[in-house]
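Chains as they are written, first to last, in the working numbering: chain A, 1 to 191; chain B, 1001 to 1183.
Take the hints with a grain of salt, since some may be wrong.
Unchecked claim - Taking lysine to aspartate or glutamate and the EDC-like style, the derived pairs with C-alpha atoms no more than 20 Å apart in a straight line are:
#1 B:1037 x B:1145
#2 A:89 x A:161
#3 A:110 x B:1145
#4 A:181 x A:112
#5 A:70 x B:1116
#6 A:50 x B:1165
#7 A:117 x B:1060
#8 A:187 x A:145
#9 A:70 x A:188
#10 A:70 x A:45
#11 A:89 x A:188
#12 B:1120 x B:1079
Don't read these hints as lab results, they were simulated from the structure.
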Amino acid sequence: MKPWLRYSICILLGLGGGTALAVSQVRSDYADKQVKNGPWSANTDQGTAKASAMTRAKVALNGLLALPAKEAMYFISRTDSDGALLDGKCTYKVSGGELDARWWSITLYKGEGWLVKNAANRWSVGGNAPVRDEKGHWTFTVAPEKVDGVWLPTGRTPRFDLTLRTYHPRGSLLNDPAKAKLPTITKESCA
Amino acid sequence: MTRNWLIPIIVGLIALAVAWQGTLVATPYVLMSAAMKRIGNADGNGRANVFAFGPMATADRQPIVRPSPDLVYSSCVFDLSQGVVLVDVEPVPERYWSISIFDARTDVAAVRSDRDTGGKAARLALLRDGQKAPAGYEAVELGYDRGIALIRILLSDPSEFEQIDAIRRKSKCRTVDAKLLEK
Chain A
1 MKPWLRYSIC ILLGLGGGTA LAVSQVRSDY ADKQVKNGPW SANTDQGTAK
51 ASAMTRAKVA LNGLLALPAK EAMYFISRTD SDGALLDGKC TYKVSGGELD
101 ARWWSITLYK GEGWLVKNAA NRWSVGGNAP VRDEKGHWTF TVAPEKVDGV
151 WLPTGRTPRF DLTLRTYHPR GSLLNDPAKA KLPTITKESC A
Chain B
1001 MTRNWLIPII VGLIALAVAW QGTLVATPYV LMSAAMKRIG NADGNGRANV
1051 FAFGPMATAD RQPIVRPSPD LVYSSCVFDL SQGVVLVDVE PVPERYWSIS
1101 IFDARTDVAA VRSDRDTGGK AARLALLRDG QKAPAGYEAV ELGYDRGIAL
1151 IRILLSDPSE FEQIDAIRRK SKCRTVDAKL LEK
């Protein structure tokens, strides 16, 4: 084989392989400087000049125009608290206490981050929606069919994620998000 | 045989590393450019340096990835090649609102919320190195000509939309001739 052909083959394979690897990593859950907290993960340097090329590419794909951490912390969970992938045919209880932020909400998305069609036209639960008990604890239900209480429909999408937005976060939520007290996601049943 | 392939394989690995890094670096620019085209046409105006006041995000209308259904978004695709761009944000009382300035690489050049302004209007001048902000405007220097200015306003209930919509439409995004600012 001619030398130029050997070089051409290797360069083309390298260019194709490098591009495919980058696309695969950006689209996957490949973690790059992500903070983990139970089922939740978050970036702390999105939107800043400190962000790595990988973080910048992942945020551009999964959350373009995200705010920096001081303004808003975004936590994404693709699994329940036992580590099983979230399934649109299943019912989950999402429970927690007061979050140290000015305002919070939890939104259900599919794919890279798209709202899911559902009969109720409901895609999120705001922090003011769930009733608190005497200790400030709250619970709402994520389920394919309507349930009593605060209900977030799955639209029966096969896979989904939950995104917890906390605006003007304070305390550990901002300064030590790996140890902040975040909501739990507990699977109850599957249809 | 092995020796014939050794150097081409090393060159191939270098090409792999270059393509990997190049793809990562290019991704934000490509996705931001696509978003600027889409958002700039959100209300049909299709122009730079003017706010598009979009409706609430729903499953049938998602101009960008991961939209919040609790927020009202207003966006201005800006282009500093036509001069300094002034952004005036009308305050909305007793709720979270913010203006954020994203450059072509997706970095945030500035965020100002009602917490920062004490509930008053935000007035920003988007400019390049060497340009000056007019009196009354806070300078926000950018490394790129193009980007997106995005207003977020929190609704505690969708029924508030009409009331909030009337207020937010007083916000302005406009270009001014740099020569006028020097006088």
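Here is how each hint holds up against the structure:
1. B:1037 x B:1145: Cα-Cα ~15 Å, so holds.
2. A:89 x A:161: Holds, at about 13 Å.
3. A:110 x B:1145: violated, 33 Å
4. A:181 x A:112: violated, 26 Å
5. A:70 x B:1116: Judged against 20 Å, a Cα distance of about 12 Å means the pair holds.
6. A:50 x B:1165: Judged against 20 Å, a Cα distance of about 35 Å means the pair is violated.
7. A:117 x B:1060: It holds: about 8 Å lies between the C-alpha atoms, which stays within 20 Å.
8. A:187 x A:145: holds, 15 Å
9. A:70 x A:188: violated, 35 Å
10. A:70 x A:45: holds, 10 Å
11. A:89 x A:188: holds, 11 Å
12. B:1120 x B:1079: At roughly 26 Å apart (the allowed maximum being 20 Å), residue 1079 of chain B and residue 1120 of chain B break the hint.
Comparing the model with each earlier hint shows violations of hints 3, 4, 6, 9, 12; every other hint is respected.
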